[in-house]
Amino acid sequence: MTTAILNWLGPTPLSRRKALWGMALVAPNVLGLMFFFGLPVLMAFGTSFNEWNAIKPPRFVGLDNFERLLYEDSFEQALTNTFKLIALVVPAEILLALGVALLLNLPLRGRGVLRALYFLPVVTSTVAASVVWTGIFQPRYGILSQVLEPFGLGETKWLVEPGLVLIPVAVVAVWQRVGFDMVIFLAGLQTIPGVLYEAALIDGAGRWQRFRHVTLPMLSPTTFLVVVLAVINSFQIFDQVYVMTLRTVPGGVGGSATTLTYYLYRRAFTNSEFGYASAVALVLFAIILLVTVFQLRIQRRWVYYESEEG
Amino acid sequence: MLTSSRDLTVPIQILCYAILLAGAVVMIMPFVWMTSTACKPDIELNKLPVRWVPDNPVCGDNLDKLYDTSPNFNRYLLNSAIVTIGRTLGQLVTCSLAAYGFARFQFPGRNVIFALCLGLLMVPFQAILIPEYILIRELGWLDSFRALIIPGSFSAFALFLLRQAFLQIPLEIEEAATIDGANPLRVLWHVTLPMSVPALAAFAVITVQAAWNDFLYPLVVSSTPDTRVVTIGIALLQGERRTPWNLLMMGSFLATVPMMVLFLMLQRYFIAGISMGGVKR
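Chains as they are written, first to last, in our numbering: chain A, 1 to 310; chain B, 1 to 281.
What the hints contain is simulated information worked out from the structure, not anything from laboratory work. Be careful, since some hints might not be right.
Derived EDC-like pairs: lysine to aspartate or glutamate, alpha-carbon spacing no greater than 16 Å straight-line [as the list claims (entries may be wrong)]:
#, chain 1, residue 1, chain 2, residue 2
1, B, 47, A, 149
2, A, 18, B, 42
3, B, 65, B, 180
4, B, 47, B, 68
Some chain A residues near chain B, calculated using beta-carbon distances under 8 Å [claimed, not checked]:
#, residue
5, 30
6, 164
7, 256
Sample of chain A residues lacking proximity to chain B, with all beta carbon distances greater than 10 Å (derived) [claimed, not checked]:
#, residue
8, 3
9, 20
10, 57
11, 70
12, 72
13, 79
14, 92
15, 107
16, 129
17, 155
18, 206
19, 239
20, 253
21, 254
22, 298
Note that this is a predicted model, so its numbers are computed, not measured. The beta-carbon is built from N, C-alpha and C at its ideal position, and this holds for glycine as well.
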């Protein structure tokens, strides 16, 4: 029995000692991770099969919570809002970040300072940023309203109009994300070998052709990473919705600003529908997983990797 | 792309600067607006056209008024600091130990366990928010610093980041120390960690930033002023419709300044952390 354990640990006394050290070193973090994050993943499946609220003990209801998702209009709305938000946020942040990164990659004086300025929103708390932007989007007295006044849009109630409320939410998300993406793009641009540009120059390629045929393909792995991170991040938008709609109608008028995360938060912690909200959470998880898998497949088709060249 | 600024013609340079500066103005505008509004007296809040510099700045008065409206605001700032430092130190200990274990020791099941830890990186926190809350409630940890600090003291992201950094260190250096009779903990402390300072700094600033700005988790597990963090404090001010904009901006200012100062001092580590990980957790 003991020899079996010893052999399992390692063939020699030294390797066994090292194995024990290794296990002891990783134990605190691994056990902590498994208890505080692994266990909840398993529990998430359990809660979603139960009807569970603050007062009554949980009652097993099978797939009822998932069935409910199919005919709850509010869920469909939250799902639609989330996709609309992604459509607003992801292309905007990627295009802006790519543009800024390309310009800041040029040998311009003071680009260090500019880079810091673009990055500053990333380190800001989303809650504080959302408060400030709520002020900026205020009808009549906000700065934006002042700018739009000449166009007759000075009284626009950005955070009340159901058709508009996702715009301010998206603006804060983009504002906080451009610097983050920019840093990854800049790191990607640094890895493009200068030889390729020289070769393109010798071949008589112009500025646009060098961008189109050297920069863009060489940058595609980075772009892919940025897109994945941006999509996953936009699925989780919560703070902005919570803070920006707090003064009008939480979640937006008629739920117009309710994203999936906000929806599951409200269902769980305002309505005490833990079971139903857990089902929503699992759907959110599944979608993010699907997006990742889908993008991994697409990636194989169009992303250019240097290693594939030879 | 281009080797020196001579390669750029002057009109092109001017165009680039114009675009970059216009963008930078938009990025900075909210900070300026926040600071200027934080110092405006009530009567100037609704004055048109908008003033970027208050006619009569009353920063100190507004600070006093903020503490009248939210008497525990300093407490919230302190709580945020406690939680931030606690989580960062906790992760520093647990994750550097584990990263060292995974990087340098062979033991049964090592790769499976490491893969499991990395798998957790794919789980969005929102997806486990409810079971996390139930777990904390069952532990009897609601409204406690334990809830705010202990789960945040473990991290798959930091584990991944630090393991990468430790693997960069030449094995010979550590082996030399081992032959001298030092046990693994001493090697870690005296050799590996000092050689990984840039990675540790990058990890630390990212962790500090994420902990200070955390909102959803504290929103769920803490509801009393004793354990309330500053992000929740600001949200409460925002929820109170009577809170005037100057006080809201003053609160946001106080919550934002520590991270801005930290960023300006340790800029390159922030950027290194993002470039290394590409993921924020």
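Legend entry - Earlier hints that do not hold, by number: 2, 3, 4, 6, 7, 9, 15, 16 and 19
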